[in-house]
Amino acid sequence: GEDVEQSLFLSVREGDSSVINCTYTDSSSTYLYWYKQEPGAGLQLLTYIFSNMDMKQDQRLTVLLNKKDKHLSLRIADTQTGDSAIYFCADSGGSGNTGKLIFGQGTTLQVKP
Amino acid sequence: NAGVMQNPRHLVRRRGQEARLRCSPMKGHSHVYWYRQLPEEGLKFMVYLQKENIIDESGMPKERFSAEFPKEGPSILRIQQVVRGDSAAYFCASSPESFSGNTIYFGEGSWLTVV
Chain E
8 GEDVEQSLFL
18 SVREGDSSVI
28 NCTYTDSSST
38 YLYWYKQEPG
48 AGLQLLTYIF
58 SNMDMKQDQR
68 LTVLLNKKDK
78 HLSLRIADTQ
88 TGDSAIYFCA
98 DSGGSGNTGK
108 LIFGQGTTLQ
118 VKP
Chain P
8 NAGVMQNPRH
18 LVRRRGQEAR
28 LRCSPMKGHS
38 HVYWYRQLPE
48 EGLKFMVYLQ
58 KENIIDESGM
68 PKERFSAEFP
78 KEGPSILRIQ
88 QVVRGDSAAY
98 FCASSPESFS
108 GNTIYFGEGS
118 WLTVV
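As you go down the protein sequences, you meet chains E and P in turn. In this text, residue positions in the first sequence follow our numbering: the first is 8, and each later residue adds one. In this text, residue positions in the second sequence follow our numbering: the first is 8, and each later residue adds one.
Chain E with its partners taken away, still in its complex shape (with noise of 0.2 Å):
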């Protein structure tokens, strides 16, 4: 069945940048999505990629989308202390544009001052 798979922990120093990667295997996939949920706390939106597109950017943050290699990244530019959270890649499958997501496991992310 479709899946989604992510790297569970990163960790980085204050300033640096983070790059959080993922894979999935459905092909048809129409949406990508990149989520934050700190502890104890709903999701949060933080972009998302159109299928058709290599990159996208946004402020501090920069997906860039390998759809021959079913691979997507998030980059965070220049990481806050307040960056630390999990991350969720989801993407929307063959689910015929619908919100039925299949989400990776989560990675943690660790920034040290």
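Where hints are given, some of them may not hold.
Within a straight-line C-alpha distance of at most 30 Å, the following computed BS3-like cross-link-like pairs (lysine-lysine) qualify [said to hold, decoys possible]:
| no. | chain 1 | residue 1 | chain 2 | residue 2 |
| --- | --- | --- | --- | --- |
| 1 | E | K43 | P | K51 |
| 2 | E | K74 | P | K51 |
| 3 | P | K34 | E | K77 |
| 4 | E | K63 | E | K119 |
| 5 | P | K34 | E | K75 |
| 6 | E | K63 | P | K69 |
| 7 | P | K78 | E | K63 |
| 8 | P | K51 | E | K75 |
Since the hints were derived computationally from the structure, they do not count as laboratory data.
Since chain E is already given, all that's left is putting chain P on it; use the hints.
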């Protein structure tokens, strides 16, 4: 414009009791999705509903779980005879009739603890 509202935010139930979780979608949204997040895991899709219709329940456990989205009022996720393994965060999301990438919104979640 209020976002997706879920209540209760935290719920404690004893084994064997029933849990009811409510979700009011964003204004103008007619599609509701329920997800479950077990401890240390990502979110797993449970069910997709439109008003008075279940569209996709492929992620729902076959027993004890049910969901509805009546013509009036919030969507309800009901868990009967809860067990410890049901302890999780349950998230609701909503989207409008015409879905595009940035039109799905998640609620803050309901944390169920079964003791």
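30 Å limit on alpha-carbon distance, applied to hinted pair E/K63 and P/K69: Violated, because 40 Å separates the two Cα atoms, which is more than 30 Å.
- prompt: Hey, P/K34 versus E/K75, does the alpha-carbon distance stay inside 30 Å?
  reply: violated, 38 Å
message: So if I understand the rule, the pair passes when the alpha-carbon distance is 30 Å or less; does E/K74 with P/K51 pass?
response: Holds, at about 23 Å.
message: Can you confirm whether the C-alpha distance between E/K43 and P/K51 stays at or below 30 Å?
response: holds, 16 Å
field: Straight-line alpha-carbon gap P/K34 to E/K77, limit 30 Å
entry: violated, 35 Å
query: Taking 30 Å as the top limit, are the C-alpha atoms of P/K78 and E/K63 close enough?
result: violated, 39 Å
message: Please verify whether E/K63 and E/K119 have alpha carbons no more than 30 Å apart.
response: holds, 27 Å
message: Check whether the Cα positions of P/K51 and E/K75 lie no farther apart than 30 Å.
response: holds, 26 Å
In summary, the structure is inconsistent with hints 3, 5, 6 and 7 from the numbered list given earlier, while agreeing with the others.
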